[in-house]
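Using the sequences provided together with the hints, build the complete structure.
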Amino acid sequence: MEKYQIQIDNNQKIWLKKSFLLLISIMFISTAVFSQNGYLSGSENQPQKISGTVIDPETGESLVGVSVLVKGTSQGVISDLNGKFSVNVTKPATLVFSYIGYISQDVQVTNQNSLNISLLQDTKKLDEVVVVGYGTVKRANVVGSISKISSNAIENRPITRVEQALQGQMAGVSVRSTSGEPGSDITVSVRGVSSINGISTPLYVVDGVPIDNLSGINPSDIKSIDVLKDAASAAIYGSRGSNGVVLVTTKKGKTGKPVITLNASTAYSTVEKKVDVMTSDEWITFNKKWLDRQWVNKTGQSASVSQADRIAYAQTADGKTYDTRALLGNVRNTYGIYDPWWGTSNLEAIDWQNALFRTAPTTDIQLSASGATDKINYSISGGVYQQQGVIYGSSYERYNLRANIEAQMTDRIKVGITVAPSYGIQKGATVDGKDNAVSRALTFPGWVLAGSGQNAGASPYKFYDTWGPGPNNVSPYIQATSTTREKPETRMNTSLNTTINLLKGLNLNGLVAWNSNTNYERIYTPTWANGKWDVATHPGEYSSSSFATLSSNSLLYQGILTYTKEWGIHSIDAMLGASQESYNQTITNQKQTNFSSDKTWVFTKTSGTTENNNDIGYSNNALISFFGRVQYSLLDRYIMTASLRRDGSSKFGLKNRWGYFPSVSGAWKINEEPFLKDLKWIGTAKLRLSWGQAGNDRIGNAQFLSNMSALNYVTGTTQALTSGYVVGNIANPLLGWEITSSTNIGFDFGILKDRIYLSADYYYKKTDNLLLSAPVSLITGFTSMMDNVGSVENRGMEFNLNTANIVSKNFSWNSSLNIYFNRNKITSLGSDNSDIRSGQGNTIIQRVGSPINSYMLLQVERTLLASDFESDGVTPKAGIAIYAGQKAGDSKWRDVTKDGKITSDDYAVVGSYQPKFEWGFTNTFKYKNFDASILSQGRVGGKLLSIGSRGWNRATNAPNWGYMSRWLYNSYWSETDPGDGMTPAFYATVTGGQYDTNWLYDASYIRIKNISVGYTLNLKPNKIMNKVHFYASCDNVYMWDHYSAGFSPEAATQDNASSDWGSYPQAKTYSLGVNITF
Amino acid sequence: MKIYIYLIVIITAALSINSCSNAIDIYPVENNTADQFYSTDFEINQAVMGTYARLGRNGTNTDFPTDFYYQASESRSDNLYYGSLANAQRDQIDLRLFQVTNVTSLNTAIYGRLYQLIKDANNILDKAPVTYTRYRAEASFLRALAYFELVRAYGPQPVITTPVTSEQAKVLSRQPIADVYAQIITDLTFAGDSLSPVYSGMDAGRVGSLAAKCLLGYVYVTMAGYPLNDNTAYQKAETVLSSIMTAVKARFSPDYSYIFNVTKENTYDLFSVQFASGGNSLGSSLAGYVTSAGSTSTAFPEWAYNGYTQQGQDFRVDSVLVRKMKNAGDKRLTTSVATGYWTKAVHGTTKADSVLYYSTRNVIVKFLTKDNTNTTIKAWNDYPLNFPILRPADAYLLYAEALVNNGKVSDAKQWVDAIRTRAGLATLAANPTMDDIMYERRCEFLGEGKRYFDLVRMGETTFVSTLKSFSDAYGHVSMGGTSPTKKDMLLPIPLTVMNINTSWVQNPDY
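For the protein sequence lines, the chains are E and F, in the order given. Quick note on the numbering used here: the first sequence kicks off at 1 and runs consecutively. Quick note on the numbering used here: the second sequence kicks off at 1079 and runs consecutively.
To be clear, the hints were calculated from the coordinates, so they are not data collected in a lab. Honestly, I wouldn't trust all of these hints.
What the hints assert, rightly or not - Distance condition first, Cα-Cα at most 25 Å in a straight line; then the derived BS3-like pairs of lysine-lysine:
id: 1; chain 1: E; residue 1: LYS901; chain 2: F; residue 2: LYS1448
id: 2; chain 1: E; residue 1: LYS138; chain 2: E; residue 2: LYS532
id: 3; chain 1: F; residue 1: LYS1422; chain 2: E; residue 2: LYS462
id: 4; chain 1: F; residue 1: LYS1422; chain 2: E; residue 2: LYS532
id: 5; chain 1: E; residue 1: LYS901; chain 2: F; residue 2: LYS1564
id: 6; chain 1: E; residue 1: LYS532; chain 2: F; residue 2: LYS1448
So this is what it looks like as structure tokens:
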């Protein structure tokens, strides 16, 4: 082993030692080994000193940290802060100068003692490295379909989560911020949705380690994100690759002097848009209009009859005296009586959206230090991120640390370690969904009892009674702020990575990774904020406190053998590996209500009088995999790749536990052909073809077994709980892998030195053996069974056009445009292809021939008019199909079955959320030290069902609640006031009871996602600061859309993520930041 | 040093290839797969309890009496009408207004739940050794009860007596109702022969042979009417009921109100669905459905537990019947119906207070616990009162009906008179007619879900004319309802079943 002795300077020695300490202590091996460091020794015979400077000829600046290696030896140094180096060599020798981002240079040294070297920048994009599963390839040699973004695309943006960085940046990758809640999850899908019951999110892999969620990853630690889109690329992650794979690579130290950067920004967010519901005054106008109608219908008298006359009439008719507001309340609907308080100081106006939303600050501070020698590289970072949400009470904070250290321990052995703990805490009541704060902000009229303001409903105030929603409601502001909800999450991502160079070109890599996630969620709701605080017999009666914990661990062992060899016109790149992943989680859940006081959320088992939950749960699963890949390239022109993976999952029945996932792909670099080589204007011309299969096992554990479920009963004279069990689900020992096969044809074409570069892909992706909770006949005693039935296909096209529009010394302008089309269709479902319906009112349907999660609704054609009925007003004229009980003012629905009447059979598939196409367009500009970028993105086509707007956008006959202003201005009131012909009468209760296209909106939008400008101040080296970059940025700058019933056309959160129910609005965020390099 | 480096490498590498295929043999820590179950007396008993529990909340918000006996049966009869139309609970509106379809989810839930019960009973009968006679008899009784409700509500059904896979279920066909009744009779005969008359103490609430035989009598009486019109059935009913009448008499409550008194449960009944409050999902949801309520302003009797939102609609009891019972001094009325109530615990008594806080309406209250301080009730669906499916009055009136139809009118009188006397009414002046018996049934079982099927078994003409005139009288059609027709004598088979059992023919006119 003597010949592998290395020479390193003192500085490096210290670093090496430090890293070693860290490594070893983690491996639980005694630090005593450091007493012997005989491996650092030696010098060669009679060396001569050569020194010089390395510069970049374009800028004239000296280059720091250039690696200078004596060819054929392991001797080397790096250039210092002034670009100077000196090395001892035995002449004659060859020095190799290499530097990341520059073209390497070999320099012969014969008798000179000093050298001045100019290294040229390597501007060729194709030498960029692309991360693939278990390895990397050069961009030029990519055969599949892989999209990549680098850190510079996100540096200037106020990004909370890594996924946000992907939106609008990659063709084929759909990213939706469904909720604007700070710290909330973001929906990512790659090339359409391919699973109905299995999880459809892509597999996330951070530095080679699969993780379940990117929430603990600090965006500023990221170097690049690569998304494997086609199955051939993803097949190497066979088991879970069918929904695409997102590979995140974190920053490593770069050769050179240590770089310390500080990135700090501060931001302010406001709500992106508001929903047009009735203002306070409009609401009274609306109510008067409705009450006038009641009066006219009841008495046949004119609507202009005064309140006093109406009361007199009512008293006479009922033989009673109505002399108080409360007594009038009892007959308000019958005789159309107005609230005596309207127009008085007993009521005060309020805009609930303004009361709930705020301007919220965010601060972000990130500090990192990185550096490298040729023996060790390190990157250490820490960050603090604090964000408040645009809804009162909501916030998110994250604290991150990450250390990536990699040491070349001997010439043959490299060891790397990553330790990345993070702590995030999400706060704020759940405001999305039915009857929660966001929807309440739209359904409460803009009036409260004077003096209560935003605190209406909470002690000591009551809510607007009788003429309003009722005294026992509480304001959305109170809903959002009185409930304490906290969800702290501690994540620990660690990995240890060893690579041994066995022979030339042959490497063995071992990886052990441990990820853990511990979180809890606690929720406390006090009695004072309960609408019934006034009837509570003691202060804590309606209080509830819950505490749920989840603790999970995943462990990965992985071994990989790689081999690369080039000979003549051939080159080969092979990989063989095995891995085992195991996962376990423990959950607990406790909840009590009705406490003896309203003072605290902490409880013991005797504090509350009602114990709602007290559960413990445990589950685990495991996956074993064997995989291999061979890439062969001939003449660097024809490239072939084949891979095979075999996976065994504990989630499946014994018979179908193991699955094989093969792929083959090829690329032809046409521009390397002799007949094109002379055409200088062609930079790149490459054809890519691939086919592969990937799987999905992401369903619950042990679903192949039939399990007993507890179902208790009461027996005995004491009426005691007696434990009972029933068979809970049908066993399916044949349950196995869901498999997606995909074919991809791609073409890359670059001209004018690749200044115009187009990538186009067409794919066809078919998912078979769908993991489906398929309906079974109810006569079995079950409703569904987890089975491998059905198929879904996705086909689409993706275009990515990158252009360098202007490139000059002082000014540059680059554009990147991506457009992608995806068509999703269910091609079979179970053995009988029967529909599967779900969601509120069964409005979501899975049907053969339609996209996944299509909407099933009655179709509004127009509003029924009196002229559609005979003179009795209830019998429809010939040819007019109505639903039983409909009258003028109800919606006229399409008679799909053409049977002359409207029934539940007339519900039809009316579209889905899936768009016709999505696009993203980025422009970046550089002028001297200024830089700017603008990102716009959008979607065309697709519908969104605003199911929650049943609350504020429905005919209900209950005008005491709040509604969208269309119900005042556009709805049918009478034959002479028929509205816009599409909005039914507010009193049309038959219409209000069904689900129709009144709640279906166009989900297209165009959004200026981000605009940012920056200025870089270059300082002279050796000062404290090296470079300062200032920037200002705005996210969600402006949006054009048609979604009027909710806050965001991206807010498909309910019912299989396809409809919206008052989701947390998106924020428009202005930020200012500075990035300092020391 | 190098040795240590290699040690690290070897450890890492060794861990890396530590793949062992046993690692993926993972079974749930709950250790509760169906294959392992049914192995001991204790477990079989648990399986029986689970089967009974299908009649309770069944892991959902509502129990079987609420879904079936109240929403699908009582509220469709001529006992209840809509005071005003609610906007929520559209399924119940569709049922009441005779607009139920094959996708009405409440209908689907009822159908599914009955087959869940049959499946669980079949599992017990398939897996429990024959020596476990009592458990097998209980399972047989529960299966017979489920099939009885199915055949009455849905017509022809496949007779399934062993666990079936989804593939097997697909090819089963709808068998004639006579086949279904044959199986019901077999099951009830077995249960009647195998069980003790009644169980008490720790086993109170579990079915005994009195209940099995009473149900068999009910089955025969039903078979005698529409649609089977089996003219031998009344004789069979008389035979089976006569054998239990002495024992039944011993459980006949001296006071009608005791039957619905939570402190006297399992004393004056034959078989009841057992409920208990306490927030363990074992309470009854029925009370939450019997009176109307808004989501935040609760119009609810002050003497009832009102801690939670009620789910009911504005259902009111036929005012003609109420008047008739009131005029007759029928003591059952006050137990079964409130004609008005204060909606607030603290209220004055002036006229103005009554305008504000007194609600005049006829609502079913027999299932409400008259105790607004009961803190064991934790939710609107956590009421403690058991729901009687069979009680001595059933046996009395079924037996009387069989006797009348078997020409033994004078023997029948004592049983009808016993019912009337307890209700505070005079004994019948003459021997009972079928009309007398039907009237007593209507008053006796008001709110208990029996009236609707009484109308069905009286035949199409009576069914349609009674319900149509009732519906017209209360303006249900003008509320958007449909007039009842012959089709409403059955409910539709759910679409999800029709989609899979493709050979099935839907009930007429659905």
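Now the hints, each set against the structure:
| no. | hint | result |
| --- | --- | --- |
| 1 | E:LYS901 / F:LYS1448 | violated (47 Å) |
| 2 | E:LYS138 / E:LYS532 | violated (66 Å) |
| 3 | F:LYS1422 / E:LYS462 | holds (17 Å) |
| 4 | F:LYS1422 / E:LYS532 | holds (13 Å) |
| 5 | E:LYS901 / F:LYS1564 | holds (20 Å) |
| 6 | E:LYS532 / F:LYS1448 | holds (21 Å) |
When held up to the earlier numbered hints, the structure conflicts with 1 and 2 and fits the remainder.
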